[in-house]
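Chemist: Protein sequence lines correspond, in order, to chains A and B.
FYI, full-length UniProt numbering numbers position 428 of the first sequence as 428, with every residue one higher than the one before it.
FYI, full-length UniProt numbering numbers position 64 of the second sequence as 64, with every residue one higher than the one before it.
Note that these hints are calculated values from the structure, not bench results.
Careful: at least some of the hints might be erroneous.
[To be verified] Distance windows between CB atoms, simulated:
#1 A:432 x B:245: 49 to 59 Å
#2 A:69 x B:339: 33 to 43 Å
#3 A:433 x B:19: 18 to 28 Å
#4 A:542 x B:485: 48 to 58 Å
#5 A:574 x B:404: 52 to 62 Å
#6 A:478 x B:19: 16 to 26 Å
#7 A:120 x B:366: 48 to 58 Å
#8 B:408 x A:665: 31 to 41 Å
#9 B:13 x A:432: 29 to 39 Å
[As the list claims (entries may be wrong)] Derived DSS-like pairs (lysine-lysine); straight-line CA-CA distance at most 27 Å:
#10 B:249 x A:387
#11 A:284 x B:363
#12 B:281 x B:36
#13 B:363 x B:347
#14 A:631 x A:338
#15 B:340 x A:284
#16 B:281 x A:326
#17 B:375 x A:387
#18 B:36 x B:249
#19 A:187 x A:121
#20 B:375 x A:326
#21 B:358 x A:284
#22 B:369 x A:226
#23 A:284 x B:366
#24 B:358 x B:340
#25 A:284 x B:281
#26 B:340 x A:338
#27 A:557 x A:101
#28 B:375 x B:340
#29 A:101 x A:817
#30 B:281 x B:319
#31 A:284 x B:36
Note that the Cβ used here is the ideal one computed from N, Cα and C, for glycine as well.
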Amino acid sequence: MVAPAALRVVRCGGSSLHGARAVFSADSKYLLCAAGDFVKMYSVATEETLRLMGGHADLVTGIQLNPHNRMQLYSSSLDGSIKLWDFMDGIPIKTFTVGPKLLALYALASCEDSVFVVIPKSGERDTFQLVSVKLTKAAGQDVEAKELSVVLDGVDASPKRIAFGREGEYVASVKDVNLQVYFFKQKQLNRFSVSATKTKSGNNHFTCMACHPTQDCIATGHADGKIRLWYANFYHRKEYTFTTLHWHHDSVMDLAFSIEGTSLLSGGVESVLVLWHNESDCQKDFLPRLGSAIEYISMSSDGTLCCTLHTDNRITIINSNLRFSKSIQGLIKSPDIKTGLVVDPRTKALVLNGEPGHLQFYCLRSDQQLFSLDIVQRQYIHQAGLKQADLVKVAFSAQGKWLATVEEREEVTDPELQLKLWFYDEETQSFKLNTRINMPHDDHITDMCFRDMDELEDDSLILVTAGRDCVFKVWMMVEDTDPEAQQSVSWSCDFVGSYHNYQATNCCFSEDGSLLAVSFEETVTVWDSVTWDLKCTFCHPPGKIRNICFGRLTCSKYLIGATDGGFLCCWNLLSCALEWSAHLNVSVLQPDPLSEHIAAVSWLSKESSLFVFKPNEPRPIYIQRNLSKEKIQLAAFVPRDEPEMIGSEKYLWLRRSQLFFLTDTQELMTLSAKSLEERLTPSSKQLAVEESLPVTPFSLLLGKHRRQRSQEGTDLGKLIVHNKHEQDSPAVKELLHTPAHVLPSASFLCPIFINSLLISKENKSAEEVADEVDMESEKTEDDSDEEGEVTEMEQEDKSPTELLGEMTCKLSKSQEKELRKIRKMDYSWISAF
Amino acid sequence: MATYKPVVVQSFPKLGERITQDTVYWRGYKTPVQIKEFGAVNKIDFSPVPPYNYAVTASSRIHIYGRYSQEPVKTFSRFKDAAYCATYRDDGNLLVAGSEEGSIRLFDISGRAPLRQFDGHTKAVHVVGFLSDKYRIFSGGDDYSSNLWDIPSATEIVSYSEHTDYVRCGCASKVNADVFITGSYDHTVKLFDARTKSSVMTIDHGQPVESVLLFPSGGLLVSAGGRYVKVWDVLKGGQLLVSLKNHHKTVTCLCLNSSGQRLLSGSLDRHVKIYSTTSYKVVHSFNYATSILSLALSPEDETIVVGMTNGVLNVKHRKPEERKEKSQSKRQPAYRTYVKGRTYMPKQEDFCVSKPVKRVLRKYDKLLKSFQSSKALDAVLEPPIRLYTPEVTVAVMQELHRRGTLRSALAGRDEKQINLLLTFVARRVIEPRFTPVLVTVADMITDIYQPVVGQSAIVDRQFLKLQEAIGKEIDYQEELLEVLGMMDTLFATFTKKRATYLEENKSNGLTETIETNTNN
């Protein structure tokens, strides 16, 4: 069965950012990074990924802004092509096909229409050369660029070991213990070397270099942690001096000069960013504990920001005064993912090892780290060869209320183990340590699971840990017995089970929580979870059990097991017999929590394949061969927020939840039936061009002023409108146009006039006398109605003012009220005449 | 960017007695005052009105003590033979006492001679008391009868002869002026209503009843006799609520604290146990020198007075808790200036400048932060930390080991410092919580300083001490393993019997027996 093309493997995160130095856009608002085969654009202000520019067929190895147009970007890749992008719109403008693998890319302002790339020297292995590529101005999207001219021979493949100095006057390159400097104008090549020494901490090979922007000064970093500053008149071979700066205890990973060249930044394995102020007197500042080793350092063009790329794919943005500003974190790369892929039931985030000793919660939708939970709570020392405690197992309870973690520290004699149970605190919205158990097992813990019972979460939560010390332990929540003490719970061991002194390797609860399956090497044992009695055992030699899981929903009577010997077995729990078995070397066995489907990933002859099946029939529902070239370590089903509409019946298993894989290189992949365009979020489509204008204090001031003026204008306008409206009122017109001698006395006209000025309900009580307020507030609505009526009347025949004028001039308040009542009466009968 | 994380000092759960609010509360008494009486103290009763004097009945006298006086403020000694059960009336003006010769005497607190004398019992009267209407007295005597007396006329109102043995304890209901109960050596507690001719309720305690008590609500009755303290629900017709067996000798006296939340019982086994009246579990217990006969708590639990068989009166006063408040009041102005402006709410136009919160690190943390391992180790080997918080020292050692710098931190020390280190290790290595770390430390020290062994007598002596300590511990562990092996064999034989035992328990049904460890 061949998989139809509709279902594609999609990369969705975790790609390595180590291709090249990150580049700030000209206004320092965006940060561009090489991420695997893509170029990613981040917003510096909000840390979010704005754009993903794909098109290269292999890893991107270099990105540079076009020195002649700051809105364009060059990128080079191992597939042998250079692409020119308009990164504001995310459109590829041109593709230059060079041919050989491109390992690094440099662009110079002084060199019109050519860029520099590092390519492997043809015919020789592990020798590389720096060449300049002429980028032709020919029309068309895809252009061949075969015009190569060699600049330097015998350079290193790493992009950190070549640098251009002083507006491109010279290029310097380091390899092993040699430094070579080539002057473009003079066409002169100078070579220097340091004598190779080996000390305890390492050798003094060059690891990286940077050129001073204005002076003839080259900074080089060495593997033994020293930084050498070469001041010279490099025209003459013999006249050079160097000073040594030494703080790093391990190799210097990257160097960068500030824009003015007054200070130097260096970083290394210690994960400390060092700022050397003045080269002469070794003044330095530190920004310590950046999380993991610094791989690249880059500066923004205006010198206000600096960014460090770390080995764990984190990007840190640092202010010019060496203050930590922001950190862009996608899927943090951990040296070894021991926890597996776990889904947090509360946030639907993927949970796995993050930075050492931490648990990262990775949001799949936004490709961002939600938060990092410090489990070990000890200072991590960034030093090679130290054995430090790290997280090995994680389990969530069904509602995400409890989290169990196991950390261990490898020791020569016996490992240091800790089991921690965390309670989710609704108030602080984070996990709080509840119980810490030292040495829960005498040997490594191999597996851990909660009894997943949704409705019984509160009191009957059970945790099972399986250990290599041949036992599995059952942990229960116990409440503190003293009734007057504040209610609190803690965990303690309730039952210890073992089977013939075999190592326990896996444990798993059935869907309803009534049965516990624990595998002991080659045997699977099934236990009653109430009495902890051994119910039955299953065995299917040869090979030890690698994975076990129960079927779900309609298939809950089946138990699936995968063995080392390359067998997938399905046992029926009712008949206690083997239902079926298949010859399949399963490396990952993952049941979907929302359906009966189980995904098995097998590793066979350099490719991984996916098999999806239901336990009740031995035929798989879906097979995807060649899932990835790399070995797939882990997989997880993540429930969708709402079931997706899937047309084809074959992919119905993807309806309720999505399957994610993590490869050996820690790239996160998923299977998707949608096309790439659909998956892109619409929000990232448009970037306002205005926003890219830098905000200056002057513009802020101006903007404020303008806003104020415009506001005033609108206010005035409103007033004018009101006035007009009032002048339009017929009562006022009448008053103004009637000759003075026929008007009644002013004291009588006053209330009518004022009433006519009333326009809205909002200011109803303003003009009323205090003692009448309560009454009037009830009436105002009527009044306004009445107003309309009055004016109508006026237009129809006699004006009421004239009528009233014949009455006595002085009216008491009570009389006035009566008058109003009369006015309220229906006069429509008049119109009938 | 993460901040520096201080060294985690592991806290271990404390073994043995857990500190609860109760233990803190009941430990808050000063060292006891001992007063010698002429004979066994059979009754102590606090006056219900301030200044809360208490009447102590011992031998043929009744002494009245003031709150802090060691000498009696007043003495009633008009008894030919032993006096029993001197009890105050609710207003604290009258005192009634029984006697060996069978007469009951009523005293005015201010006077000396008895106001009234009630004769009618043929044998000793061990229990007397006022009913809550203040005008009647109930009594119980060794002639098996319980009587009710009218104070104004000094006559017997009614006499019940229902008990079949000595009546030794009794209590009047505070709610109903006609109800009182008496407990007798015939194993029963009887509830009498003065309006009826016979007892209203009979409760079988199972042992000779030594003391009875009614809760202020009148609904619950506590009886003590034999080793048991039993609580009965009177309103449900005398149903047993709970039976407590926490003493291993006869319980002689009962008492409630002022809030009614705690029940105290004194026993011949020299213990006073304090129970919570909600869970009926022992929350605290006191230990005394000799068997206890009587027990009383003053209002507000200010004083606990315990009378013993050897005539010693043990008086404990609560510690005053004023000192703390004083020191706080002194600091107050400084604190006020400190929090000045804290509550200020920023207005909309205000521009907020946040000040970073300065974290205070301990000295060793500061040194560890700057990777000065040797100095950090020095810092935690200073006397206050080393002596009082050894867990900090060990935590830092562990942290250094984790960082791989423990060896260099231990190396290069002079004689005095090695001596100090070895003393610490030798003393603490046998503590189970420190053993894993300190074994590594000891290993490293011997490794590093092996070449200099023999050069200094002090260091050599410390090494020998360390060897001795470890040798002892090994022997001890071996012994423990042997015991464990023996116990395992015992448990193996027990397993079969346990099944039947469980079934027995189930058949018991309603009666729930709470048994806790009796030997403290």
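Chemist: A separate judgement is required for each hint: does it hold in the structure or not?
Modeler: Hints versus structure:
1. Distance hint check: the CB atoms of residue 432 (chain A) and residue 245 (chain B) are about 41 Å apart, inconsistent with the given range 49 to 59 Å.
2. Remark: the range hint 33 to 43 Å for residue 69 (chain A) to residue 339 (chain B) is contradicted by a beta-carbon distance near 58 Å.
3. About 21 Å separates the C-beta atoms of residue 433 (chain A) and residue 19 (chain B), a value consistent with the hinted range of 18 to 28 Å.
4. Between residue 542 (chain A) and residue 485 (chain B), the C-beta spacing of about 39 Å breaks the proposed range 48 to 58 Å.
5. For residue 574 (chain A) paired with residue 404 (chain B), a C-beta distance near 56 Å keeps the hint of 52 to 62 Å intact.
6. Under the hint 16 to 26 Å, the C-beta atoms of residue 478 (chain A) and residue 19 (chain B), about 19 Å apart, fit the expected range.
7. For residue 120 (chain A) and residue 366 (chain B), the Cβ-Cβ distance of about 51 Å falls inside the hinted range of 48 to 58 Å, so the restraint holds.
8. At roughly 38 Å, the beta-carbon separation of residue 408 (chain B) and residue 665 (chain A) lies within the given 31 to 41 Å, and the hint holds.
9. For the pair residue 13 (chain B) and residue 432 (chain A), the supplied restraint of 29 to 39 Å is violated, since their beta-carbon distance comes to about 18 Å.
10. The suggested pairing of residue 249 (chain B) with residue 387 (chain A) is violated, with an alpha-carbon distance near 59 Å, which exceeds 27 Å.
11. Using a Cα cut-off of 27 Å, the hinted pair residue 284 (chain A) and residue 363 (chain B) holds, with the two alpha carbons roughly 24 Å apart.
12. At roughly 33 Å between alpha-carbon atoms, residue 281 (chain B) and residue 36 (chain B) are farther apart than 27 Å, so this suggested pair is violated.
13. A distance of roughly 40 Å separates the Cα atoms of residue 363 (chain B) and residue 347 (chain B); the hinted pair therefore is violated under the 27 Å criterion.
14. For the suggested pair residue 631 (chain A) and residue 338 (chain A), the alpha carbons sit about 15 Å apart, so the restraint of at most 27 Å is met.
15. For the suggested pair residue 340 (chain B) and residue 284 (chain A), the alpha carbons sit about 38 Å apart, so the restraint of at most 27 Å is broken.
16. Simply put, residue 281 (chain B) and residue 326 (chain A) have alpha-carbon atoms about 57 Å apart, too far for the 27 Å limit, and the pair is violated.
17. A C-alpha spacing of about 23 Å is found between residue 375 (chain B) and residue 387 (chain A), which places the hinted pair at or below 27 Å, so the restraint holds.
18. Distance restraint check for residue 36 (chain B) and residue 249 (chain B): the Cα-Cα separation of roughly 24 Å lies within the 27 Å cut-off, and the hinted pair is therefore satisfied.
19. Straight-line distance between C-alpha atoms of residue 187 (chain A) and residue 121 (chain A) comes to about 21 Å, which keeps the hinted pair within the 27 Å bound.
20. Our distance criterion of 27 Å between C-alpha atoms is broken by residue 375 (chain B) and residue 326 (chain A), whose separation comes to about 35 Å.
21. Between residue 358 (chain B) and residue 284 (chain A) the CA atoms are separated by roughly 22 Å; this keeps the pair inside 27 Å, and the hint holds.
22. Of the pairs offered as hints, the one joining residue 369 (chain B) and residue 226 (chain A) holds, with about 22 Å between alpha carbons and a cut-off of 27 Å not exceeded.
23. The hinted pair formed by residue 284 (chain A) and residue 366 (chain B) meets the criterion: a straight-line CA distance of about 20 Å does not exceed 27 Å.
24. Of the supplied pair hints, the one linking residue 358 (chain B) and residue 340 (chain B) holds, its CA atoms being roughly 18 Å apart against a limit of 27 Å.
25. Between residue 284 (chain A) and residue 281 (chain B), the direct Cα distance comes to roughly 65 Å. Violation of the 27 Å bound is thereby established for this hinted pair.
26. Proposed proximity of residue 340 (chain B) and residue 338 (chain A) is contradicted: the alpha carbons are some 51 Å apart, above 27 Å.
27. At most 27 Å may separate the alpha-carbon atoms for a hinted pair to count; residue 557 (chain A) and residue 101 (chain A) exceed this at roughly 55 Å.
28. The straight-line distance between the Cα atoms of residue 375 (chain B) and residue 340 (chain B) is roughly 39 Å, outside the 27 Å bound, and the hint therefore fails.
29. For the hint pairing residue 101 (chain A) with residue 817 (chain A), the CA-to-CA distance comes to about 97 Å; that exceeds 27 Å, so the pair is violated.
30. Distance restraint check for residue 281 (chain B) and residue 319 (chain B): the Cα-Cα separation of roughly 26 Å lies within the 27 Å cut-off, and the hinted pair is therefore satisfied.
31. Under the criterion of a C-alpha separation no larger than 27 Å, the hint pairing residue 284 (chain A) with residue 36 (chain B) is inconsistent with the structure, at around 79 Å.
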